[in-house]
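68 is the number that my numbering gives to position 68 of the sequence shown; each next residue is one higher, with no gaps.
Among the clues, some could well be false.
With a Cα cut of at most 20 Å, we get these calculated SDA-like pairs of lysine to any residue [to be verified]:
| # | residue 1 | residue 2 |
| --- | --- | --- |
| 1 | Lys-117 | Pro-94 |
| 2 | Lys-218 | Glu-164 |
| 3 | Lys-7 | Ser-113 |
| 4 | Lys-81 | Tyr-95 |
Cβ pair distances, simulated, as ranges [stated by the list, open to error]:
| # | residue 1 | residue 2 | range |
| --- | --- | --- | --- |
| 5 | Gln-154 | Lys-206 | 20 to 26 Å |
| 6 | Ser-31 | Ile-176 | 16 to 22 Å |
| 7 | Leu-177 | Arg-21 | 20 to 26 Å |
| 8 | Ser-31 | Asn-11 | 28 to 34 Å |
| 9 | Thr-16 | Lys-206 | 18 to 24 Å |
| 10 | Leu-203 | Phe-99 | 33 to 39 Å |
| 11 | Glu-163 | Lys-86 | 18 to 24 Å |
| 12 | Val-87 | Thr-16 | 18 to 24 Å |
Rather than coming from a laboratory, the hints here were simulated on the basis of the structure. In this text the structure is predicted, and so the values were computed from the model without any measurement. Backbone N, C-alpha and C fix where the C-beta goes; we use that ideal spot for every residue, glycine too.
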Amino acid sequence: MKSVEIKKYYNKRYSTNKIERPQKFYKKLISLIPQKKGRLLDVGCGTGMLLYFGELSGISSYGVDISEVAVNLARKRLGEKRAKIKVASAEKIPYKNNFFDYVFCIGTLEHFSDIRKGLKEISRVSNRKTRFYFLVPNSKFLLWMFTKEKGTEQPQEKILSLEEWSDVFEKEGFEILDIKKDVGPLTNKLIKNTIFTIGIKILPVKLTYQFLFTLKKK
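Using the sequences provided together with the hints, build the complete structure.
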């Protein structure tokens, strides 16, 4: 799918839906950062919730998103003085080499027009000590094994297994430091049965909804 079509889709969606998770989710992501200083980049920042909590913690936070509507909403959230947000695709990030200390890509990598090119750009704008945090969907999520549909209704979506995502990152020069489970919004939106909810949460990593990778450069 062409980037113009992808941009059109997200502009329309952000006009009616903020596409974001509860605040505690973004606070938890920021808590992963070992030292609350330096520069942070959120690739596919949406309405800027992660950037907001990054700024509150003392980290200089920058964002890029393909949607003009999302970027405008993010600027309003952070305020014009604090908002360091640009309309841009992940395949062409408008920042200089070695600029960022932390890079987040939360639920967006799977929607890149060119994942390999996007990862190379992310690597380019980061330094040797940068920590990377990627949240990506699992093709072997247990619930999807019982349904015919996988993923979301969003366009340009690539869904891989734990082994396949690991291979993607390693081939692009990243070293895996940690992999966490993410059950996503399913427990809030789809799953009402308490027993089933508990079952989803105790799934082994390979069968969880999404993976949260922590990476560094090799």
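Verification of the hints:
no.	hint	verdict
1	Lys-117 / Pro-94	holds, 14 Å
2	Lys-218 / Glu-164	holds, 18 Å
3	Lys-7 / Ser-113	holds, 11 Å
4	Lys-81 / Tyr-95	holds, 19 Å
5	Gln-154 / Lys-206: 20 to 26 Å	holds, 23 Å
6	Ser-31 / Ile-176: 16 to 22 Å	holds, 20 Å
7	Leu-177 / Arg-21: 20 to 26 Å	holds, 23 Å
8	Ser-31 / Asn-11: 28 to 34 Å	holds, 31 Å
9	Thr-16 / Lys-206: 18 to 24 Å	violated, 35 Å
10	Leu-203 / Phe-99: 33 to 39 Å	holds, 37 Å
11	Glu-163 / Lys-86: 18 to 24 Å	violated, 34 Å
12	Val-87 / Thr-16: 18 to 24 Å	holds, 19 Å
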